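Listed below, chain by chain, are the residues.
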Amino acid sequence: MAKAKKAAKKAATKKAAVKKAAVAPTVLNEAAAELNSTILNTVYVVDDSNNEVTLEVIAGEDGQQSDMDITLDNKILADKIPDSFPETAIGTNKKLQRKTLRIRVIITDVLPDDSNVTSLTIILKGGGLDATFPLGKTVGQNGSAQYICKIEFL
Amino acid sequence: MKKLIVIILLLLNYYVYGQVVDTSQLSFKLDLLKAPVSPASNLLGFAVSDIDKPTDVSDFMVSLQSATGAFTKLPTNYAIDIAPFLLFSKDTGKSRKLNSGNNIRQNLVLSFAYKNPDSTETTLNKTNAYAGFGFKVSILKGHYDKNTIRGFNKIQHVKLKAIQDEVLNDMSKLQEEMDRDPELVAMEEKRRRMFLDADGKALAVDKKLAVMQTLEYKKIDVAINEAYLKLATELAQDKYDDTLKKVASTFQVERIGWSLDLAGGISAEFVNKNFDNSRVHNAGLWISGGYAGKTGVSILGLARFLHNPDQVVPKDSVTELANNTNWDAGARLIYSKPQSKFSASLECISRWSSAAAVGQTWRLVFNADYALWDNQKLTFSFGRNYDGTIAKDGNLVAALSFLTGFGNRRK
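Top line first, the protein sequences correspond to chains A and B.
Position 126 of the first sequence, counting from 1, maps to 126 under the numbering used here, and the rest follow consecutively.
Position 69 of the second sequence, counting from 1, maps to 1069 under the numbering used here, and the rest follow consecutively.
These are computed hints drawn from the structure, not numbers from a lab.
It is possible that some hints are incorrect.
[To be verified] The list that follows gives simulated cross-link-like pairs (lysine-lysine, DSBU-like), each with its CA atoms no further than 35 Å apart:
(1) Lys1141/B - Lys1126/B
(2) Lys1073/B - Lys1053/B
(3) Lys1219/B - Lys125/A
(4) Lys80/A - Lys1245/B
(5) Lys80/A - Lys1161/B
(6) Lys1173/B - Lys80/A
(7) Lys99/A - Lys1218/B
(8) Lys95/A - Lys1218/B
(9) Lys1141/B - Lys80/A
(10) Lys1273/B - Lys1053/B
(11) Lys1161/B - Lys125/A
(12) Lys1159/B - Lys1230/B
(13) Lys95/A - Lys1073/B
(14) Lys94/A - Lys1230/B
(15) Lys1207/B - Lys94/A
(16) Lys1190/B - Lys80/A
(17) Lys1219/B - Lys95/A
(18) Lys99/A - Lys1273/B
(19) Lys80/A - Lys1239/B
[Said to hold, decoys possible] Here are a few chain A residues that sit away from chain B, every Cβ distance over 12 Å (derived from the structure):
(20) Asn50
(21) Glu52
(22) Lys75
(23) Ile90
(24) Gly91
(25) Thr92
(26) Lys95
(27) Lys125
Note that the structure is predicted; figures quoted are calculated from it, not measured.
Each residue gets a CB set at the ideal place from its N, CA and C atoms; glycine is no exception.
When you get a sec, could you build the whole thing from the sequences and use the hints?
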């Protein structure tokens, strides 16, 4: 009986994992990825629906310090925040059409024996296709990387 | 307490000058219980400053190109350390946060070295060429203590944050300027039009997504990103770089907990520089680990295997050419507190040599140092070396030394 329960639980976990993998965001910034860049200028597809689009920005690694500005056209979404930007609804598909998201981040490597690879990951969900935009740059010890990103909602 | 220790060290200095000391004994290394950072270079005797450490693929290619004369010849002397997962990986973001698995990926270093000795070479055979390969990985690194985290948070909210805010203000202006560039504006408009139909109306979502898969779209997207990068590089100012680096570097780190490092390497000797005729030159394997406590006391252990084929080893009253393999095992007790100027350590190593005349031997060294000012240290060491030819009657005394650096202070 216990064995059957265990097997059922295992199967359910496996199923959940498969489901999770199926909805994983697609990496869309092939151009920036090839450049191994701190720069991003791309497009995020939205439709005419009233579904909310969410934004999450993950900045830096352990032992690094980040500072971030995010604007949507003229609206300030984040003003010099020291941590990552948590998943937040930034507007409906319809309202976001032809608007531009700008993200500026500086990441400084502080603790020397941790990673010197700085990274910034932008995750957009709820539009035409969930998308992840990963960026990264290796800096020298105590070095800084400046990330400048622009995403148009079309 | 610290002043008392300095006075004792100075008094001992007078005692030490009363001894008969072989000057060659003063140069013995105090920090033997450490795996080499770059095993391959270590086996072939490269100086740390001669090792290339590329941080990205471009750096790596430039380094390789420069060493090989644009890929036309083998390098003369070349040593390189690469962190493969960091150098070639495109994986970023959440997945790289520290945990035990990622710890190894972040720390794995592969080292490669090639040496073609010239007439100035004193240890290697000038008629042969040498190549080495090695690895180093930290399986456990310990974790930061509370003071480190507190200090990090303090930095985070005060000095560094203030400068980063200034940088962000500049980046905002920079992006405005970039977005006004006429060529970029034209390309962006061209990309925008790809999402409209003939009547200028927005395409359906599935059609928009299909557009993004076309070669034409990908080409313009790459061109826009390249132009954006070029503009950012041209217009960016680096006036805050030095200040940021200075503030970030003032932070001293201390890890506590368990640590475990593994390193290994092997080098080959190509006889008469002929790649068809090779043999093992030397090989080594290092395992070091220990525990660092909150009070500044830590203990480290090391096991080391060093293999040197065809080495001159003593036999009775003469020497012979034979394989010399050393097995070392040792421990080191260290007292060192973060932000403190004083540190001391006691290390003991036992060596088993395959050379019958050497057999089993040991060394024991006590070392203390006090940082007087930046770049200047008062050091004291006292101990017994396992090399009988250097230490008189098996005991040696290394004098109190004053070490100072000339030129620029270390950055």
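Tested hints:
1. A threshold of 35 Å between alpha carbons decides the hint, and for lysine 1141/B with lysine 1126/B the separation of about 40 Å lies outside it, so the pair is violated.
2. Between lysine 1073/B and lysine 1053/B the CA atoms are separated by roughly 21 Å; this keeps the pair inside 35 Å, and the hint holds.
3. Straight-line distance between C-alpha atoms of lysine 1219/B and lysine 125/A comes to about 25 Å, which keeps the hinted pair within the 35 Å bound.
4. The straight-line distance between the Cα atoms of lysine 80/A and lysine 1245/B is roughly 19 Å, inside the 35 Å bound, and the hint therefore holds.
5. Using a Cα cut-off of 35 Å, the hinted pair lysine 80/A and lysine 1161/B holds, with the two alpha carbons roughly 9 Å apart.
6. Distance check on the hinted pair: lysine 1173/B and lysine 80/A sit about 15 Å apart at the alpha-carbon level, within 35 Å; holds.
7. Restraint check for lysine 99/A and lysine 1218/B: satisfied, since their Cα atoms lie roughly 21 Å apart, inside the 35 Å limit.
8. Among the hinted pairs, lysine 95/A with lysine 1218/B is consistent with the structure: their alpha-carbon atoms are about 26 Å apart, no more than 35 Å.
9. With a C-alpha separation of about 32 Å, the suggested pairing of lysine 1141/B with lysine 80/A holds against the 35 Å cut-off.
10. Pair hint lysine 1273/B plus lysine 1053/B holds up; C-alpha atoms about 26 Å apart against a cutoff of 35 Å.
11. A hinted pair counts as satisfied when its Cα atoms are at most 35 Å apart, and lysine 1161/B with lysine 125/A qualifies at roughly 30 Å.
12. The suggested pairing of lysine 1159/B with lysine 1230/B holds, with an alpha-carbon distance near 31 Å, which does not exceed 35 Å.
13. With a CA separation close to 61 Å, the supplied pair lysine 95/A and lysine 1073/B exceeds the 35 Å bound.
14. At most 35 Å may separate the alpha-carbon atoms for a hinted pair to count; lysine 94/A and lysine 1230/B meet this at roughly 33 Å.
15. Annotation: proposed proximity of lysine 1207/B to lysine 94/A holds, straight-line Cα distance about 17 Å (limit 35 Å).
16. For the hint linking lysine 1190/B to lysine 80/A, the alpha-carbon distance of about 33 Å falls within 35 Å, and the restraint holds.
17. Note on lysine 1219/B and lysine 95/A: the hinted pairing holds, with a Cα-Cα distance of about 29 Å set against a maximum of 35 Å.
18. Taking the CA atoms of lysine 99/A and lysine 1273/B, the gap is about 65 Å. The hint is violated against a cut of 35 Å.
19. A hinted pair counts as satisfied when its Cα atoms are at most 35 Å apart, and lysine 80/A with lysine 1239/B qualifies at roughly 19 Å.
20. Distance to chain B confirms asparagine 50/A as a non-interface residue, since its nearest Cβ pair spans about 14 Å, more than 12 Å.
21. Once the 12 Å rule is applied to beta carbons, glutamate 52/A is consistent with being away from chain B; the minimum gap is 16 Å.
22. Every CB of chain B lies more than 12 Å from the CB of lysine 75/A, the least distance being 14 Å, so the non-interface label holds.
23. Against the 12 Å criterion, isoleucine 90/A stays outside the reach of chain B, whose nearest CB is about 18 Å from its own CB.
24. No Cβ of chain B approaches the Cβ of glycine 91/A within 12 Å, the least distance being about 17 Å, so the stated non-interface status holds.
25. Residue placement check: threonine 92/A keeps its beta carbon more than 12 Å from all beta carbons of chain B (closest about 14 Å).
26. Against chain B, the non-interface label of lysine 95/A holds: every CB pair exceeds 12 Å, the least being about 14 Å.
27. Against the 12 Å criterion, lysine 125/A stays outside the reach of chain B, whose nearest CB is about 14 Å from its own CB.
Checked against the numbered hints given earlier, the structure breaks hints 1, 13, 18 and satisfies all the rest.
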